[in-house]
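Novice: Take a look at the letters that make up each chain.
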Amino acid sequence: MVKENLVKDVVKEPYKYGFVTDIETEKIEKGLNEDIIKLISQKKEEPKFLLDFRLKAFKKWQKMKEPDWASLGYKKIDYQDIIYYSAPKQKEKISSLDEVDPKLLETFDKLGIPLTEQKKLSNVAVDAVFDSVSIATTFREELAEHGVIFCSISEAVKNHADLIEKYLGTVVPASDNYFAALNSAVFSDGSFVYIPKGVNCPMDLSSYFRINSGDSGQFERTLIIAEESSSVSYLEGCTAPMFDTNTLHAAVVELIALDDASIKYSTVQNWYAGDEEGIGGIFNFVTKRGKCLGKRSKISWSQVETGSAITWKYPSCLLLGEESVGEFYSVALTNNLQQADTGTKMIHIGPKTKSTIVSKGISAGNSKNSYRGLVKMGTKAKGSRNYSQCDSMLIGDQASANTFPYIKSQQPNSEIEHEASTCRISEDQLFYLQSRGIEFEESVSMMVSGFCRDVFNQLPMEFAAEADKLLALKLEGSVG
Amino acid sequence: MEIIEKIKKNKLVKNQTEIQKICLDKLQTSPLPNPKSELWRLSNKSKFSNFLDYSFNEKDGRFDTPYPKNSQNTIRLIIGENCDIQLIGKNYSIEQLSEYELHKYIKEQISCFDQNENWSDLLNLSLSCKKNILGLKINGSKIPPIEIFSHASSDSLNAKTLVIFLEKNCDIELLQVNLGKDNSSLSQSTFFFLEENSSLNHGVVSYGKKESNLLNSLNVIQQKNSEYNLGSLHFKFNYARFEINIKQSEGNAKTNIKGMQITKKDEQISTYTKINFYGPNGFLDQINKSLADDKSHAIFEGSIIVPKIAQKTDASQLSRNLLLSDLAQIDTKPQLEIIADDVQCKHGATISQLNEEELFYMRTRGITLAEANKLQLSSYFQEIISFIPISKDRWDLLDKLLNEN
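Sequence order for the protein chains is R and P. Just so it is clear: in the first sequence, position 368 is 368 by the working numbering, and no numbers are missing. Just so it is clear: in the second sequence, position 260 is 740 by the working numbering, and no numbers are missing.
I should point out that these hints are in silico values taken from the structure, not numbers from a laboratory. Any given hint could turn out to be false.
[Stated by the list, open to error] Which chain P residues stay away from chain R? Per the calculated CB distances, all over 12 angstroms, these:
| hint | residue |
| --- | --- |
| 1 | C592 |
| 2 | K727 |
| 3 | C825 |
[To be verified] So the derived list for chain R, only partly shown, Cβ under 7 angstroms to chain P, looks like this:
| hint | residue |
| --- | --- |
| 4 | G73 |
| 5 | K75 |
| 6 | A401 |
| 7 | S409 |
| 8 | Q410 |
| 9 | P412 |
| 10 | H418 |
| 11 | S421 |
| 12 | R424 |
| 13 | S426 |
| 14 | D428 |
| 15 | Q429 |
Bear in mind that the values here come from a model prediction, so they are computed numbers and not experimental data. Backbone N, C-alpha and C define an ideal beta-carbon position, used for all residues, glycine too.
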């Protein structure tokens with residue numbers, strides 16, 4: 001019993017990114033209607049096709065019903081009580097980082113995001129998004145030398161409208177689901193990446209999302225296009241201040257990989273999760289999908305989900321190209337009253353496609369952690385293979401872990417394997433580690449880290465270290 | 481509302497029993513299952529409405545039991561006939577449940593029905609007249625194996641209900657046979673109550689004929705230290721649903737399930753299982769196999785629910801599927817819902833075709849392709865068939881399955 005309590009104590013760790021930056025922001029009024037959408041579009045000086053795209057999505061959204069099939073419980077969201085555009089006030093055009101409001105730079109500094117010159121040594125190009133707009137993108141000149149386009153999506157709309165028009169909404173159509181339609185109507189900013197033919201992106205690209213105001217939702221959109229034989233590794237991080245209200249984050253991420261291209265998309269999600277009573281926190285309802293269009297293309301999702309009051313997302317792969325590969329590696333840690341319904345969809349359409357799913361869920365406190373995944377073999381997916389593994393670890397007897405794998409096959413010449421298990425921290429292993437002089441807290445942390453090892457191995461170096469630290473932080477605390 | 485009107489119009493149901501009335505009332509609030517719910521989402525709608533299309537019939541056609549009684553000491557019962565039973569042996573007794581006991585138990589069950597999950601039971605109980613409900617109370621040991629038949633009649637919809645109480649320390653083998661006829665629908669609901677220390681080896685063999693349909697629902701409640709073993713086989717139905725609902729009411733019980741469904745042509749056969757552990761130390765070992773050929777569709781959905789009270793539960797579920805044709809499809813969804821932390825739960829699922837390496841090996845040893853395929857299938861079937869408690873010489877299921885392939 002004592003041990004159980006210790007484990008429970010260990011998973012408590014205060015949220016350290018909960019500060020609010022006091023900065024003058026430009027907000028539009030609350031509510032959602034056609035005028036608001038026109039206003040957003042006007043503020044961003046968008047071409048007509050984009051405004052039409054938004055309005056069409058809005059019309060579809062109005063006809064849609066909020067889905068309720070997930071095993072999640074939350075208060076109904078009042079979509080008219082959200083500010084759909086909030087941006088820090090700044091000078092008209094920024095030519096260099098020196099012109100960015102120092103308070104903003106300070107905020108990102110506090111978060112450990114390398115925006116300023118002296119921190120650029122880490123060799124990661126960053127696009128920082130603050131509430132609704134992108135603040136700065138680093139390393140652009142260096143990337144441009146290789147022909148790589150890495151900028152905020154609003155800039156891309158102005159400078160590369162042809163690419164946006166060609167690809168936006170092709171992977172996640174506006175009518176895809178309720179939150180995707182909402183995002184398509186009101187998305188404010190996000191990142192755009194274009195890797196030209198034959199280019200291996202010379203450095204990791206990264207975007208950092210920060211929600212600052214408590215009453216505005218964040219609706220960003222990311223679009224990554226990898227042309228033939230190119231490759232890119234993209235990292236995404238997110239934090240938000242502590243408010244006692246719930247903030248909605250409904251993002252859309254679209255990836256497109258052409259012949260022989262490879263995209264690796266890694267997320268460390270650490271939005272504010274609400275307090276111990278479950279008050280406040282981010283509703284993280286995200287649609288992420290990649291399309292392996294080309295032959296031998298590859299899309300790999302890896303994610304570490306530790307934050308958000310509610311996480312509801314399924315990064316998916318549409319495997320169209322012959323011999324294309326989809327991967328999904330995920331660690332989801334829930335504590336207190338957090339809820340997560342997450343997993344992936346692997347849709348095998350082309351022949352000889354392969355997919356791997358490794359999902360690790362850790363639930364502690366009164367939290368609820370569900371894995372929900374779909375593996376589908378279409379009629380043409382001859383010679384395709386899937387392997388899925390979902391393991392859950394329960395800490396404490398109030399937490400719940402659910403597994404809902406949907407498996408559908410229409411192709412006899414394909415193989416699907418799925419396995420799932422549920423366990424708790426093994427008393428024997430704990431005893432062994434402690435008898436070797438390792439402290440209780442460290443033993444638990446080691447075992448959790450070992451449990452997640454398969455996933456951490458897939459993360460890029462910088463992130464693997466961060467993720468390990470993040471889990472350890474959540475697991476460290478009051479003990480010792 | 482059509483189905484309700486149909487039941488109401490039926491002259492024979494004029495003198496309804498109390499249970500029929502209760503169920504009919506419940507059905508009136510939701511006449512059809514919610515097609516969007518997980519349990520009915522994949523169900524073929526036209527096949528399902530075809531199930532309900534047949535006119536309701538309480539009178540049974542002539543029924544000749546297959547394989548007439550041989551010298552073996554077996555008790556054979558046919559639901560709808562000879563329901564007046566009182567068998568008392570040296571070590572055992574099999575008695576009919578009194579109407580009071582039967583109604584009391586069924587009413588208790590209905591009170592915890594979920595409109596959607598137990599729709600098949602509601603339909604069954606609103607149709608089943610007194611004659612077609614067989615209620616038995618069994619106690620003792622060294623009981624001869626029991627065979628119970630439910631059969632459909634051509635061009636009609638029949639409903640049969642079976643309720644069995646197994647008293648303390650009782651130990652039996654029971655084979656339930658559901659037989660379809662040409663163009664028929666059969667609704668079969670079964671309720672078992674296993675008291676402490678009792679053990680039931682249960683076999684369910686359902687086989688249909690041309691265009692026959694089946695809604696087969698099985699509800700089992702297990703008290704502590706009871707053991708329930710189920711071996712089931714469903715084949716040759718145009719449309720069949722097998723719904724299994726098992727409750728370990730106090731935990732500390734054992735459940736083993738081995739089921740198989742075989743679909744061909746454009747058939748659809750589905751199995752839905754829900755296992756609830758309401759106490760600690762429960763045990764479950766489940767395997768479900770599907771084989772889908774031609775244009776058919778096989779479905780398996782299994783859920784294991786382990787609430788906080790069910791510590792030290794050990795549950796495993798495996799879904800193994802063979803997809804043999806380009807036009808066939810298989811859906812499988814094994815799921816776990818766990819709140820207790822000190823448990824061992826696992827599930828697995830595979831979908832593939834027959835192993836080519838095995839095939840190649842056998843061919844190199846001079847075995848013809850057809851023979852080799854047969855061998856592979858027989859090994860696939862054998863695991864399930866050997867678990868069904870039946871007399872081998874009478875029900876040679878393996879032979880039946882292989883020779884019809």
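Novice: Each hint: holds or not?
Specialist: To see whether the hints hold, each was checked on the structure:
1. Non-interface call for P:C592 relative to chain R: holds, since the shortest CB-CB distance, roughly 21 angstroms, exceeds 12 angstroms.
2. No beta-carbon of chain R is positioned within 12 angstroms of the beta-carbon of P:K727; the least distance is around 19 angstroms.
3. With a least beta-carbon separation of about 4 angstroms from chain R, P:C825 fails to lie farther than 12 angstroms from that chain, contradicting its non-interface assignment.
4. With 7 angstroms as the threshold, the beta carbon of R:G73 stays out of range of chain P, its nearest partner Cβ sitting at about 15 angstroms, so the hint is violated.
5. At about 23 angstroms, the closest approach between the beta carbon of R:K75 and any beta carbon in chain P exceeds 7 angstroms, and the interface hint on this residue is violated.
6. For R:A401, the interface hint holds, the least distance from its beta-carbon to any beta-carbon of chain P being 5 angstroms, beneath 7 angstroms.
7. At about 4 angstroms, the closest approach between the beta carbon of R:S409 and any beta carbon in chain P falls short of 7 angstroms, and the interface hint on this residue holds.
8. Satisfaction of the interface hint for R:Q410 is found here, the shortest Cβ-Cβ separation to chain P being roughly 4 angstroms, below the 7 angstroms cut-off.
9. With 7 angstroms as the threshold, the beta carbon of R:P412 comes within range of chain P, its nearest partner Cβ sitting at about 4 angstroms, so the hint holds.
10. With its C-beta approaching chain P no nearer than about 4 angstroms, R:H418 sits inside the 7 angstroms limit, and its interface hint holds.
11. Given the 7 angstroms rule on beta carbons, the hint for R:S421 holds: about 4 angstroms separates it from the nearest Cβ of chain P.
12. For R:R424, the shortest C-beta to C-beta distance to chain P is roughly 5 angstroms, which falls under 7 angstroms, so the interface hint holds.
13. The criterion of a C-beta within 7 angstroms of any C-beta in chain P is not met by R:S426, whose closest approach is roughly 11 angstroms, and the hint is violated.
14. Nearest Cβ of chain P to the Cβ of R:D428: about 13 angstroms, over the 7 angstroms cut. The hint is violated.
15. Taking 7 angstroms as the C-beta contact cut-off toward chain P, the hint placing R:Q429 at the interface is violated, the least distance being around 15 angstroms.
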